[in-house]
Every structure is written in C-alpha cells, then in structure tokens.
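Chemist: For this one, chain A is given, so just place chain B on it according to the hints.
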Amino acid sequence: MAVSRLSRLAARARVPVFPALGMHGEPALHRLALTAGIELVDSPRHASLLLVAGGVPPDRHAALRRVHDQLPAPFATLWYRSEPLIELAGATRVDELDALPEALTTLHRELMQGQRGSSPRLLPDEPPNPWEGLGDDGHGGEGMMGGVPYGRPMVMNMTDDLRDGLTLDSLTVTLGPFLPMLPPGLSAEVTLQGDLVYAWTTQDAPYPTALGSVFFRALQEPVPIAELERARARHHLKRLHVALRLAGLERLALQALRLAFEPRVEQERVTKLRRRLGRSGFFRLTTTGQGRLEQGQARRVGGVAARAAGLEEDLRGRDAAYRRLGFTPILQDGGDTGARWRQTLAEIDQSLQLAHQAEREGAHTEVIGSVETPCGPWGEHRSEDASRLLDELLPGLEWDEALSTLASLDLAAVSEWPQETLQGSTEASGNGAESCEERRA
Amino acid sequence: MELLTLFFIVLIAAGLGLLVQWLPRRHQPMPPYSQRAPFLGGGLPETHAWSRYHVRYYPMTLLLIAFEMEMMFMYPWAVVFVEQGMKAVMEMGMFLAILSVGIVYGWREGVFKWQ
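For the protein sequence lines, the chains are A and B, in the order given. Quick note, the first sequence lines up with residues 1 to 441 if you use our numbering. Quick note, the second sequence lines up with residues 1001 to 1115 if you use our numbering.
Hint data in this document are derived by calculation from the structure and do not stem from the laboratory. Please note: incorrect hints may appear among the correct ones.
[As the list claims (entries may be wrong)] Once the Cα atoms are required to be at most 25 angstroms apart in a straight line, the calculated SDA-like pairs of lysine to any residue come out as:
#1 K1113/B / G194/A
#2 K1113/B / E398/A
#3 K238/A / R258/A
#4 K1113/B / R163/A
#5 K1113/B / D161/A
So that you can see chain A by itself, here it is in the shape it has in the complex (with noise of 0.2 angstroms):
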C-alpha cells in the first residue's frame, strides 16, 4: 500500500533525464531546459531515464553503453532522432521534438507506476578487470605499492608538478564523449595531478555544429542582414547558456537561452542579462587571465576568439551594405576567457543593434560567396575542427579554468547542413544529412 502510494508520488513527480548527446542533439536539449516538469542531471545516477538526442557515430556505441548502464534500476530509454543500439531495438524513438516532453513524461510515469520493465544491462556484470581470489590476499594485487588491487593498475607515474613543486600523483582518465560539461562528441584524455590539469590529449573532435539556414544561403544571394545578425547573437546567446550552466548559474542560463529563442531579442533585455551576469559574479570567476590564445591558436580558431584577441578579422568589414550601417568590428585585447566573453557579449550588442536599423532600412548582404559566421569566417572553407588546441592550452590550469576556458571556445567544426535541414523533415533523419556526418565522423 505505502509503496504503490509512493511509486504515485515518484510517477508525479519531475522527471529527472540525463541527455547523452549526439549530434546535432542540442535542440532537444534547449526545448527540454526549458520545460517544465523535465530535470536536466549531469549524471546517469540521479537519472531515471536516459535521452539520446542526436545520431550516435558507431565509434561512440562503446562508450554509449557503459553511460547507459550507469543508470540505477528501474530506467528507461528514449532515442530522439536517433537508431536505438542493436540490443534496444524495442526502445521508444521520437522524431518530433514537440513530441519529446511528453514521450518523456508518459515513459516515466510508466516506469515508476510498473508498467514498463526497467531497460536491461547492456554490459556483463564482471568486475571491469579480473581480481578475485588473485594476490597475496585475494584482494587481485601484490601490495600497495606497484601492485593491482582490484585488478586495476596503482598510480606509479611521479610527474613533476606545474604549479608549485608539490608533486602528486598522477590520475588518468578518458573523459567523453558523453560528459555534459565538455562540447557533445569531445573525448580526451586527461591526466590530473590533484585538480591540476597535467596533460591533455584529444582524442575524438566535437560533433559539428549546425548553423542556421540564414548563412548557407548568404553564401549564394543576398539576404537579410536582420535576419543574419539575430541567428548570429541567437547562436551566442546558446553557448553563453552553456556556459552558465557550467558556472552554477542556473537561472541566468535559462534566462539567455529563453532570450535565444525570442523571436525578436530585445536590446535592453539583453543589457538586462549583462548587469546580472556582472553581479552574479560570471566575470570575476573569468577574469583570472587564463586560456589565453597566442595570434596564430586566435587565427586558427577564429571569429569571436580571434577578435577577442586583438585580430581584426570580420568578413563583415568588406560587405558595403554592412559599412553603410556604421559596422566596424568589436576587439579585445586580453585574448583570455574573461576577454571572449566580453566580446561575446559586446558582439551580441552590435548583432542586435546593426538588426534593427538594418531592419529600418531594408538592409540585404552585398558580398556573396563568403560570409562571417558565428564560429569563424567561412569563405572557400567552412571553419574546422581547432580542439586539437586544447592539448596545448589547457595543461597548467586547474580543472574549474580548465573547464571555463573549454566552455569559452567554439572550436567545433561548422556542419555542412544547416539546422533547420537536419531538424527538419522526419525522413531526414538517420538516413540523410546526419547519417552522413555520422559516418564522416
């Protein structure tokens, strides 16, 4: 009785989803940040279903599985626009996002009132490395020094220490590609010494990201510079939301990605958001200097981070309608986390403002052929994959100017598709543009 009484009260309550995603997964995860009764967790624990979002390339199945049985009995899966692994055929997929909340709720509801088994364990319940009954002691090693309790290799590797010579050891581990504060698809890895990182290595690239339609067409004819501005400061406003959410901000980072989905983003809401992000604290907790880029890491990453670096290059300077409305470009000089921002922020300012007097005027693109996106310049080539930069930017920094400096840079690679294809039609997916990046990757 007290217990079908408290399967109800859990079937009632929010829903608490960890998003494994894949690629081009992030709509899925800004509608269900801002839904109601749908809790966002960063780990599968506090988890009681499991959202794939975004097709999942074959190289990533591996990690997929041991993030799924993470999990805690009883859970479920949910595949959004995405195959289900060969062991879940039956699971539940949806391809609508408007679908998702409430596919989300009905399976959870099922779940807690016992109406759906729990989804079962993809991996064999073996100790990861054998030790029973192995060692001196049974307990799978031959000591604690050079030995392997539990079958798993004790930290032996004494590495000098960067920061003040008290020297640690050294603990490594892949990070990836399923963690919720690195880029989707991001794999690397890590060795720490304490929260010191000591060596970085990256071993998978982010999934691309998709841009809007508003710049694939700006390569061909002349379009809006309204339109092109607001999908630039939307896109900024979306990484300032992940950002936040990183920084324990939760409130101020869904109140940027509700302004990212305005569809006309006033100016002084945005000011609005700049003197909280102030006296949140967000620029003091980026103002320590780190991450910063040299010229030729800005060049390589371009766009906001190269800007943000003193680099004056804006493919918007060269389009005459663009000086016509009194363009010129934003720049830093510190070339650091706290400088990116600043400039991202400032840039979002410019894109607002140069949208509505081009909308005033009536103002369309003049250059065509390139155009400046919100990644980086895209004139014979789309902006690539730069997070190869991290192996040498981040080691010496502590793991939160790590993480922060991470969250600062769009080192992804621009997706040859845009958004609004790949969330488009239904029979887009899993066989059409996304199946193909998914194999390119």
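Modeler: Leaving out everything else, chain B in the frame of chain A:
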C-alpha cells in the same frame, strides 16, 4: 549495574541503527559492476583513484599547532610554575623542544615563505 545499563543502551542503539539500514536494502540486489564504475561520460579510468594526494594546507596546520597550541598550554603552565618551580621549567623546555622539531620541519618545507 550502571555499566550493564550502558551496555544495553549501546546494544539497542546499534541494533536499531543496523535495522534501519538493513530494512530498505533487504530486497535490493547489489548494483552490477557496470553501474558501479565511475562516471566519466563514457570514458574509462586507467588507474586506481587511490592516489597520494598532497594536503596543501598541511604545513600551515602544523604551524598553527606549533605556535597557537603551545601558547594555550603556557597559560595553565604559568599557574603551575609558581607551585612547581624548576620542575615545571624543565617540563616546558621539553615540550617546546618537541614542538620546535615541527617548526624546523615546517621551515624546511618553506612554510615561512610568503607566496
């Protein structure tokens, strides 16, 4: 008799504590190994997390104990000194000698350097 009462109180308290922990777990199987693995977003650890970690505030704690605590002991000692005389001076000398080993160690670790 009092000790026996105390023993029973401890026994009942420990028994209740264990019962409260056992009751919700009695039908729960042990989570599988795959669930117990550390969450790294799909990645794997290469080594044990049993690593030697430097407690960075350790030299400062040592210094606090060496200076602060010795002062705390000196106040009651000052009262005893009037009654005991030379004997108390010898004891305090030994106490300070032992403490100064800690201070010398802290000095070697660079605790007096302002960073």
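Chemist: Determine for every hint whether it applies to the structure shown.
Modeler: Status of each hint after checking the structure:
1. Among the hinted pairs, K1113/B with G194/A is consistent with the structure: their alpha-carbon atoms are about 22 angstroms apart, no more than 25 angstroms.
2. With a C-alpha separation of about 22 angstroms, the suggested pair K1113/B and E398/A falls inside the 25 angstroms cut-off, and the hint holds.
3. For the proposed pair K238/A and R258/A, the alpha carbon gap of about 9 angstroms is at most 25 angstroms, so the pair holds.
4. Restraint check: the Cα-Cα separation between K1113/B and R163/A comes to about 16 angstroms, which is no more than 25 angstroms; the hinted pair holds.
5. Among the hinted pairs, K1113/B with D161/A is consistent with the structure: their alpha-carbon atoms are about 19 angstroms apart, no more than 25 angstroms.
The structure meets every hint from the earlier list without exception.
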